[in-house]
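If you want the numbering used here, it's the position in the sequence shown, counting the first as 1, plus 754.
One thing to keep in mind: the hints can contain errors.
[Said to hold, decoys possible] Each computed BS3-like pair below joins lysine-lysine, with the alpha-carbon atoms no more than 27 Å apart:
| no. | residue 1 | residue 2 |
| --- | --- | --- |
| 1 | K913 | K894 |
| 2 | K928 | K917 |
| 3 | K933 | K913 |
| 4 | K933 | K920 |
| 5 | K946 | K889 |
Since the hints were made in silico from the structure, they are not lab data. If you're wondering where the values come from, they're calculated on a predicted model, not measured in any experiment.
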Amino acid sequence: MRERTIDERLIVPQSGGIYRLCGNGFAGKNMRQYAEAWTAIALMNGQYVHWIDGACRFNPDRILRCFPEAYPEANYLLRNLFVGRGFTVHQFASLVQRIADELTITDAKLIVVDGPIVMHLDAQVRDREARTLLKRCMAKLTQVAEQNDIAVIVITAAKAYSKRHKALLDIIDKQCNQKLLGRNRRQGGVSKLWLVHQPTGSSGFRAHWNDQETLQQTYSRILHQKLRTDYQQDLEEITLLD
755 MRERTIDERL IVPQSGGIYR LCGNGFAGKN MRQYAEAWTA IALMNGQYVH WIDGACRFNP
815 DRILRCFPEA YPEANYLLRN LFVGRGFTVH QFASLVQRIA DELTITDAKL IVVDGPIVMH
875 LDAQVRDREA RTLLKRCMAK LTQVAEQNDI AVIVITAAKA YSKRHKALLD IIDKQCNQKL
935 LGRNRRQGGV SKLWLVHQPT GSSGFRAHWN DQETLQQTYS RILHQKLRTD YQQDLEEITL
995 LD
């Protein structure tokens, strides 16, 4: 029986809303690779990207590994990636509040917010203050996504580890109109990533989950397919003009 895989073209973030990546661990670590791949694709398309790091784990080398090996001047593309580190609730809130002004300069089409809940779990921050600040940040991100018609990706844990954690996850979930949940499942003695996407309801194992093709290679292949399609369309338009 053939293994069911999810169609990766159906899970690409749509502009104008909040897309939540939900993964294993305290801050959804295993789903960050999707945000990295989508970031690389945006950069290769000549777009700017804003990345707010609230989980103390941003590594530009991971973005570089998403580019095809033969891609020229991949390091140069990282100049179009703007990284802000918000390790406290107030640093994070400040970064979110400034993002609208920064978009007037960069005209970025993608924002990634990695680990927005981590700093809100600080024991020195009271529960009510944490909830209030996170609600304001999520409302601002939603406003930015809708008014600028861009995609905002938020990476969180799928499972709450405390009552406070659950309350904060619920705040984020209420603002999201797209969601991709990833859980590791064992099949035939091998751990594989099972994905469920909302609102489409699509589900399946990650495509080409094997040693021969990494996630980055998968997205490079999809990107090249898109580029070939776009190139062919351009040729057809030129022919019509002639």
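Here's how the hints hold up against the structure:
| no. | hint | verdict |
| --- | --- | --- |
| 1 | K913 / K894 | holds (24 Å) |
| 2 | K928 / K917 | holds (17 Å) |
| 3 | K933 / K913 | holds (14 Å) |
| 4 | K933 / K920 | holds (17 Å) |
| 5 | K946 / K889 | violated (34 Å) |
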